[in-house]
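**Student:** Chain by chain, the residues:
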Amino acid sequence: MKIRVKRFLALAQILLVISLMFVLGFTFSSASVSADEEQVCCEKDNDGNYCNYVPSSKCTGAGVLKASTSCDQTSFCKAGCCAGVNGFCYSNYAKALCEKGYSGSYSNDKNCDSVAECKLGCCIIGTQAAYLTRNRCIQETGKFPDLEVDFRESVNTEQDCLNLARNTEKGCCVTSDRKCKYDAKSECSVQDVVNGTGFYKDTYCSSLTNSCDCAPHKDGDPRATTCLANDDRVFWKDSCGNPEGVVEGINLKSYDKAAVLSDGKCDFNKGTLCGDSNKDGINVCESLDCEGGTGVASNNKLSLHMDNYVSKDGTRGTPLDVINEDGLLNGESWCEFDSSDQQQINRIDFLSTAGRGSKDPVGSRYYRHLCINGQELVEPCKDFREEYCYFNTINVGSNSGKSYTESRCISNQWKPCVNECNTANPQTMDRFTYTEALKKDQQCCLSSKRDCFWNSNKCVPAVSPGFKFWEGEGAEICAKANTQCAATFRCGGWNRIFGCGEEGTKAAGSVGGIVAGAAAGGYTALTLGATAAAAAGPVAIAVVGAALLIGLTSGLQGGWQIISGGECFSQDYLQAANNLCRAVGDCGADYNYLTSYADRDIDSNFTLGTTGFTNTKNVEGEIAEYAIKERDGKLQDTKSVSDRGNVEFTFKDGIPGVLTDPDWKKGEIFYKFNVKGRELGNMFVRALFTGNEVKEQGWLYSAASLSAATAVAGGVVGSIAWGVSGGLAAGVTGASLGLSASPLGYLVTKGLEFIPTQYTKNLGLAAGRNAFESAAKSQFETALPSIKTGALRPAVESSLKEQLGKGVSTKLSDAEILKLAKGEEIAGKIGKEVAGKVSKGAGEQFAKDQAARSFSGYLTGVSAALWLYTAYQLADVFFEDVRQVTISTTCQPWQPPSYKITEETDICERCNSQYNADDEGYVNKDKTPKDVRAFKKCSEYRCKSLGPSCELINKGTTEESCVSINKLDVSSPKIEPWIEGFTLGIKESDIVKNSNGFIIKKQKEIPIYTPFNIALRTDEPSQCKMSMEHSKRYNEMDNVFGNNIFKYFHINTMFYPANRNTTASGILLTGGGHYKLYLRCIDAVGNANENDYVVEFDVSSEPDLTAPTIFGSSLSPPVPNDLVNQTLLAKEVYLMSGANYTDITLFVNEPAECRYSYIPLDFGFMNETNLCKTQFNPPYYECKFIRGVQNLAGIGPAPSGFVSKPGLAQFVYFKCRDHPEASYNGTRNFNKDAYTVVLRGSETLHISRSGPSGTIKTSSAIVDVTLDVQTSGGALLNGKSICKYTTEEINKENLAAMTEFLNTDSSYHTQPWKPSSGAQRFFVGCYDQAGNRAFASISFAVEKDVTPPIIAKVYRDQSFQPPQFTVEINEPGECKDSVESIFNYDAEGNLMNAVGSSGRVFTSTVPNSNVYYIVCRDQFNNTMAPAIVQIAQV
Amino acid sequence: MINAMRKRGQATVFAIIGIVILIIVALFFFLRNEFGFFVAPTSFLSDKAKPIEDNLKGCINQAVSNNLNYFGKQGGDFGPTRYVLYESNNVKYYCTNIPNDEKCLNVMPSLDEMIAALNSKIQDDVNDCVDKSLVESGFGYKIEAGKITINTLASGPSLIVKAHYNVKIFKDENKFSVRDITLSYDAPLEDIYSVAVDIVNAEARVGFFEQLLYMLNKKGQFIINLDKPYPDKIYKIHKKNSNFEFWLAIEGERNI
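Protein sequences appear in the order of chains G and A. Just so we're aligned: 708 in the numbering used here is position 696 of the first sequence, and the numbers increase by one with no gaps anywhere. Just so we're aligned: 896 in the numbering used here is position 245 of the second sequence, and the numbers increase by one with no gaps anywhere.
These are calculated hints, taken from the structure and not from any lab test. Ideal Cβ positions, reconstructed from N, Cα and C, are used throughout, including at glycine. Where hints are given, some of them may not hold.
Said to hold, decoys possible - Just some of the chain A residues that point at chain G, by a computed CB distance under 8 Å:
(1) Leu736
(2) Val758
(3) Ser771
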């Protein structure tokens, strides 16, 4: 039993645990649901904006359309053409804004091209012409009531339109009062000439001597010239100012230096325009060009003549030779940028659609400069190099021969370069596929729609984009430039046995090799000894040869050997990988833009960021280090310069450790993919080449495995052939096969170069001879001393005869033979041919001497050595260890260099265009530019590129600047007085500095009530605050000193309370005396002064001649400052009915004592008991007259002695006198004019009527009721008052807790209300301006009936004769009937007769009918549906 | 002795006469100024109106100079809801960004709306500025003061502000109304608005406006400076020989 219980409990526990798991799981998995508010396109949001995409809660206006989609997807906000708003047309305009916002005419054509109202034409208004829409023309012409609309649709260009203005019919318009004006006929009110007045076509006013009082211009007077608004030319003017033809017959150049033409025929299109820029009254044709052509003095104000437009490496903008040819003409535009590397390269074969090679330094930007009207404008292209500047030169007109430079900021379409045009992948594609993919990539890259640079097999942006690298942006793009480079290492079999280069094994490897060599030599000697014991020479050759070959080879190949991919360890590879990285954007190790200026000389610590590029040392340490150490320099030594593709293998430079300074030229061969020598095994190089260019080749030991096998085969074949036939030719042929392909053959071939040619000829070794011939002169000379001159003589003599064309008459001595053979005069000319013949002769002689004796034995020795060596190689190959290692480079967003900012070097400030360091500044002391960077505004991007601590402060303000907020900066701003900013003539000598601030000397007292400036200077951009209390932390201070912008210079104006224009947040001075102002400043990092900076100054307490000013009183509060004069007017104050006193507080501007009287008296005659003294309660001094607290803290008695009733007008006159202190000995000033208050009486306020009352019956669900209250009496006797209401009985007389009526402040007060059913009770309270109060209540009931009546009973009432058709309904009402058809209750039917007084029983007026149609309605006007009663026939 | 006495007496008489004449002259000017004696009533009332007119004129000048520059640099809006902070001004967006589209959505305000906003601001400032004490009745005359009505117009090269101050000055049966004041300012708002329409239409149609060609087409009558605080554009327009500058912003899009 117990067991069963236990089982049960156990099962229960299991179930409980399982169920708990579910419960807990459910509990924790039930994520809280957060409902993001829906965004909608709102036709008109709650702020009044049309077609905004806002949260739905902001789109709640009645009838406002909204849709949860973008505005362009809605019918009400879809963009189209909006016409007719002030005559203008707006393209791509939201429908609702057009139609509902501005009552415009909307159509779907976004560009307005097909909208007739928007077609442009020429609008002629008098002598003016403008290219406008018709509606606009009508609107413009409408301003001149006498003009008719002249709109010419046929004019298609603005220039044609402007020219039309010239051709308008003109002449002199004479008015009746002899006023004459030369103008268009249309502007003359009298078009025909009548009695001397009217329009005289083509006639100058000065010629109308009888009608006009205008004298003609004086011939040759340069001041009688004028310019017209719509004409380029210079005109003569008459004495009335009217034009009199274009200036000719005078040399204006001699009168005005600004003139560029001698006459007045200026033409805007040719760069001249009428003007008088020097305001000397002489109008001339002035040049609109920014600078003349070659030979004309430079305009020093132009940016391109500033420092650093031209750098030592090139030009940072459109080259000067392009611009300078014809000067800078009006309308020309050119480019400017930061680095000469960004220069545009306009070469046809340049593989860049943007003419650039992606060498933009970080932070750099492009700028477009314009010349217009003789001034230079700067248009920065979009930051982050989202735009770049492109220039072009065009010839304008064959006659002028002038060339114009045009430029434009072009949107940088770089994304496809990286994302779409790099599909070829050598690691996953075969050669053919890879080649085809490369072709497509190139087409993609060089598409005109993209701004890319094609580097033979990689597509990169032509203008590298900028990123917000300080926020980590661009990581994804940068990662596309990650590279991998694989290198293969080999450890030969013999070395592996003795150790592959591990510590201490290298020597063992070498020793092993030598031992093996010696053993092999011994073995060979023994073998040969057995078969040809007498052949000592061959045995020696075999012994020594085998020992040397094996021993030397094993020594050279000790440890790990690199057999491919040596470039992976080169600086070139790292540079190329980094260059690829920085080409795709602000990535990798790179310099910021500042380095490209003359500042290049500055420490690269300030400009070079290196952390964006890393190369992973994915190599087994021992392998790489051993190979690098041992092969230092040897790798490149073994290859010719052309074969290795000019790649420098500088293993010493920490490879594969650290990239040296980035250089676009280093690694260019990788980056540009034009390496001629290459290795298939190198993934990086393979990635750079097209497939056709790749060819296999062996480097050093690259084909060791294959060639060793070939050598063995060749040796075996040769030996067999030699052994079987004994013929030399076959043996040599076999040996040649082996030698030509094996590493051994390489060595043997080299050795044979030292064997005389005759030997090789006799043996049939043609390859040996060819190799010897190619050994050239130096090797020949090396071998020459060992050759007997007799062997040389025939060849030299024969050669002399053949080559020099003459016989050798004298027998040459041996010395002469040698000399001739070596001599420049013969050997140099006959060269190789002579050497060949000489060697041939020498070889023949040598062969004759040696061949017969020892050839067979020697070759046997060689063969034995080869056998041994081949066996050694076989073992080396079979037991070898080959490992591949990969070097990976990682490309990440560029990061600015970190450095410690010092007081002397804040590199961040060099971003600011107004940078003004003594020598290196961009502007002169007078702020005029001297460096091209003065034309380049700093931006956040540029600022951030200068350092991690650089921050653009005061963004969006005029004080925007780049400063360092180095985190290491823990020092607070240093504050000191800034003398130039003080006013009131305070000089340096007036200030005494101390350890915690400064004092303005007592002698330089500040005149009281005079605003003055306190000025401070901080050593870094700061914000400052101030306080009159000491020891307040910066954040606790409420008053900003100056403004809240981070800056170096701070000015704060000190005001007094009564000063006009006081700053809302400023500290106000209260009067004369000594002041201490406590200041603290904070820098952009957040370092604030720990201690107060104290500014002390004195304000004079000079004789006060001004009486106190009473600003107002508690009965009539102060008026605004600018209406202070009105305080002298009497103020009317109403008192509560029956009141016999009133308390009052006066607001005064300075300490004073005040009195009052009931008749106007001088202060001295006023009753002394009616006296109060002021207390300071900022911003005023208050003087109180309060009943019952007299003589307490200066409080005086309240005015009294009257009774408030209708008709009372009690005048109370207040006057004050300053300096209430008893000790004051000076003259006290008091008011001459009194501050007057008129106390007026009132009567009791009454609520004469209130409503509604009774019962309100309604059939609607919502009933609108109006609470209304009528008041009478009160202060103004007309009931004017403010009424409030509440439903809470507890507050029925608590006006403060009540709610004001919607319509009140009169004698009739109303409040709309929507009550529910049942009893309603409201408590009403009213008060007037005298303080009279009245209360009442409103009670009423609401009955709602929303259901129609129901017919309860239908019958014929037999009590009538004849019986009547009777209907009974369930509630009081009335009924109608008809015996014909269903009817409309309001218009048709017969009213049934009511029976009794219940209102529920009705009889029909038609007693006998079989059918009745009945409709009833109750007292709430609820009408039932028609009922049909069919009387059954029994 | 007698002669001496006589001479002293003559001198005294002359001195008294001189003082009397001075008093009469002073009285004359006092009465003339305060009561209009010896002055034609219209001239008297006109003199009384002049300080009011001068004050009104000064207030209009002050209101315009305080607001016009600010108004122009904020794109013709004193409190834009969509704007970019640029050189301490909230420059109103005239064209808002459409994501992934070079073109933008044209939201430029109408000229009438712009002028109405300026008018309202000038009206408020003038109301606050005018010296109400100048319209208080004085000795011998009475003043009835009503509202000030400002009407601002943008007309070609000028901004015209018309002010009507409903003040009537009475003396006896004569009545004089303060004259309407019309002031013209160098603010070619209407002309510049027309340029702004062309700029914004081009930006809305093609996402690009070539300001250099435009300036050349307009024969250099307008100078358009373009700045590009990332990612927006600010167009600064001013008319040749005018100091009034009008800025507008085109909202841009970050492409990274």
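**Student:** Can the hint on Val758 of chain A be confirmed by a CB-to-CB distance to chain G that is less than 8 Å?
**Tutor:** holds, 7 Å
**Student:** Ser771 of chain A was flagged as interface toward chain G. Is the shortest Cβ-Cβ separation under 8 Å?
**Tutor:** violated, 15 Å
**Student:** The hint names Leu736 of chain A as touching chain G; please verify it with the least Cβ-Cβ distance against 8 Å.
**Tutor:** holds, 3 Å
When each numbered hint is compared with the structure, a violation occurs for hint 3 only.
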